[in-house]
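Protein chains: 2
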Amino acid sequence: MDATPVWFMRQAGRYMEEYRALRQRHSILQLAKTPALACEVTLQPIRRLPVDAAILFADILLPVEVMGLKLRFAPGPTIDNPVRTDAAVARLPDAGAARNLGFVYDAVRLIRKELAGKVPLIGFAGAPFTVASYMVEGGPSRDYKLVKAMMTDRPDLWDRLMKKVRRVTAEYLKAQVDAGAQAVQLFDSWVGALSPEEYRRGVRPHSKWVLDQAKKWGVPSISFGTGTSGFLEDFAAAGGDAVGVDWRVDLDAARRRLGKRPVQGNLDPVLLFSNRKALKAAVKDVLRRNGGRRGHIFNLGHGILPGTPVENVALVAQCVHEMTAR
Amino acid sequence: MDATPVWFMRQAGRYMEEYRALRQRHSILQLAKTPALACEVTLQPIRRLPVDAAILFADILLPVEVMGLKLRFAPGPTIDNPVRTDAAVARLPDAGAARNLGFVYDAVRLIRKELAGKVPLIGFAGAPFTVASYMVEGGPSRDYKLVKAMMTDRPDLWDRLMKKVRRVTAEYLKAQVDAGAQAVQLFDSWVGALSPEEYRRGVRPHSKWVLDQAKKWGVPSISFGTGTSGFLEDFAAAGGDAVGVDWRVDLDAARRRLGKRPVQGNLDPVLLFSNRKALKAAVKDVLRRNGGRRGHIFNLGHGILPGTPVENVALVAQCVHEMTAR
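From first to last, the protein sequence lines stand for chains A and B.
Mapped onto my numbering, the consecutive letters of the first sequence carry residue numbers 1 to 326.
Mapped onto my numbering, the consecutive letters of the second sequence carry residue numbers 1001 to 1326.
What the hints contain is simulated information worked out from the structure, not anything from laboratory work.
Careful: at least some of the hints might be erroneous.
Stated by the list, open to error - One-sided excerpt, in silico: chain A residues whose CB lies under 7 Å from chain B:
| no. | residue |
| --- | --- |
| 1 | Ser141 |
| 2 | Asp143 |
| 3 | Lys145 |
| 4 | Lys148 |
| 5 | Asp153 |
| 6 | Ser195 |
| 7 | Pro196 |
| 8 | Arg248 |
| 9 | Val249 |
| 10 | Phe273 |
| 11 | Ser274 |
Claimed, not checked - Away from chain B, derived, C-beta distances all over 12 Å, residues of chain A:
| no. | residue |
| --- | --- |
| 12 | Pro50 |
| 13 | Phe73 |
| 14 | Asp94 |
| 15 | Lys260 |
Stated by the list, open to error - DSBU-like mimics (lysine-lysine), calculated; alpha carbons at most 30 Å apart, straight line:
| no. | chain 1 | residue 1 | chain 2 | residue 2 |
| --- | --- | --- | --- | --- |
| 16 | B | Lys1118 | B | Lys1163 |
| 17 | B | Lys1145 | A | Lys277 |
| 18 | A | Lys208 | B | Lys1174 |
| 19 | A | Lys277 | B | Lys1163 |
| 20 | B | Lys1284 | B | Lys1070 |
| 21 | B | Lys1118 | B | Lys1174 |
Note that CB positions come from ideal geometry on N, CA and C, so glycine has one too.
Use the sequences and the hints to build the structure in full.
Take a look at the structure:
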């Protein structure tokens, strides 16, 4: 079928009862570290939803473990030995750490085999800023005080940290591609906490470095961030074959600002809690704003929320296909 | 002195030891409801900082109490009887509730007397969306699921709610002006959670209604929101003599988008934790992006954070004056 492709960030996750059933017996890290389980979770939405891609199930913070940090979920991600000093940055590995994430690559191989070509598999990693912000803050943050303090007061230290993080990130994505991932997405979930100038100075060069590497791997890359409407052109300048945008910007405005660049987005995930009529209207509005342009991957503006009705997710995928069938 | 005026959102608050000393003996609501204490808190930063305006100390949720809701701090604001049904909206007062906030107007009169013309006093209220979102969610929210569900699934109910909230908001601000407030600011702290379309459809008409009323009061109004970079033109179309922007947009870009409209902003409040050199450079960057245009009120992109060094706040005010002296 020739129609706009659609998949959903966090399409594998807590809103699905199949996933919750597995989570009763396994921790998030167990699911992510056991290839058969990661494969099962990745495939759950593929069985239920008419989506056009699978997205690898993994935790965004797996790479920080192999960089030597102690990660636990309490229940949110918590790092017991955050990276805040010269010594802590110096202790992080320079290269090669991603080879210790073999269970992810095993999962990729298994998923590709199970998918048997039904839909492509997207690999992913957290973008350097988002991963580094967890490493410095020690968990999620409201104000990003510590990470911004490092960026502002110790730009040299921040640069050393980001150079190590970006290298592991690129190695990790490359190994996913080598194992069979047919596209990669870089998630910069928290980049919207920054001012445009903070982004340009402290983050863009490092995201760009990863996305430049990705050009050599022969698969498309998607660069996604939330809260980027204030610096979307700068964000796009970091690279990525497609640019993911959240719901806080009109898709027509985003497309105007991004020129011919393919775009992914941007339905507000909260709208998946609405009634069918309102939801269909919202999908239609996103498509109307895309204006029939090629190079649109339909997605949400961020991940599916816990409690989202599965049938509404299916409805959106179906609507996108029907409304854009050519 | 002819220079760019500067004040700080939350310039009265927890980062000041004088404030913390008062808070040891009084709750937030006691401070806000006792005119002498609200006056004292409002004046604390005026004694310490070379700012060009005082901002009334009050809690953004005082109006919800006089609308019949039970507000407590636990420690964040919590509403025990949130507004989620037709019956709950019907129970809210239609008009006149703001007259029960006499302690605020007494505080305004007292502050004006104590200020004795030293600097003008800005009154304020939460914007209808931000206040209504607390009323519906029952407290702060991460995803605004309930309030967005009402906007999408029950637009009629949402409209009735917003019409009641906007009326109390306008009455409240008008009474502050009658008591002596020399400007008013409408705070739409959480409006950045919305998509541009959600904002235009469900919020802008109501903010506009309040700001249209304000035009008749003979004092300038400032309309402030965070996370508005995706729909800044729409936000500005709601009104306000000046438009407040957060740090997530470059000030030069904001000014281009807003034409001749005066603008307030937009230093990242986290930068107040930086060293003096970095902080001065950041202030200079904001001023450079303003490009010498008239109609700039220097402020942060959001409120001063707890733990901010007072001397850094003073430094910013001083730098703004020195760097813009004409």
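Hints, one by one, checked against the model:
no.: 1; hint: Ser141; result: violated, 10 Å
no.: 2; hint: Asp143; result: holds, 6 Å
no.: 3; hint: Lys145; result: holds, 5 Å
no.: 4; hint: Lys148; result: holds, 5 Å
no.: 5; hint: Asp153; result: holds, 5 Å
no.: 6; hint: Ser195; result: holds, 4 Å
no.: 7; hint: Pro196; result: holds, 5 Å
no.: 8; hint: Arg248; result: holds, 4 Å
no.: 9; hint: Val249; result: holds, 4 Å
no.: 10; hint: Phe273; result: holds, 5 Å
no.: 11; hint: Ser274; result: holds, 4 Å
no.: 12; hint: Pro50; result: holds, 23 Å
no.: 13; hint: Phe73; result: holds, 17 Å
no.: 14; hint: Asp94; result: holds, 28 Å
no.: 15; hint: Lys260; result: holds, 21 Å
no.: 16; hint: B:Lys1118 - B:Lys1163; result: violated, 37 Å
no.: 17; hint: B:Lys1145 - A:Lys277; result: holds, 17 Å
no.: 18; hint: A:Lys208 - B:Lys1174; result: violated, 51 Å
no.: 19; hint: A:Lys277 - B:Lys1163; result: holds, 25 Å
no.: 20; hint: B:Lys1284 - B:Lys1070; result: violated, 45 Å
no.: 21; hint: B:Lys1118 - B:Lys1174; result: holds, 23 Å
Against the hints set out earlier in the document, violations occur for numbers 1, 16, 18, 20.
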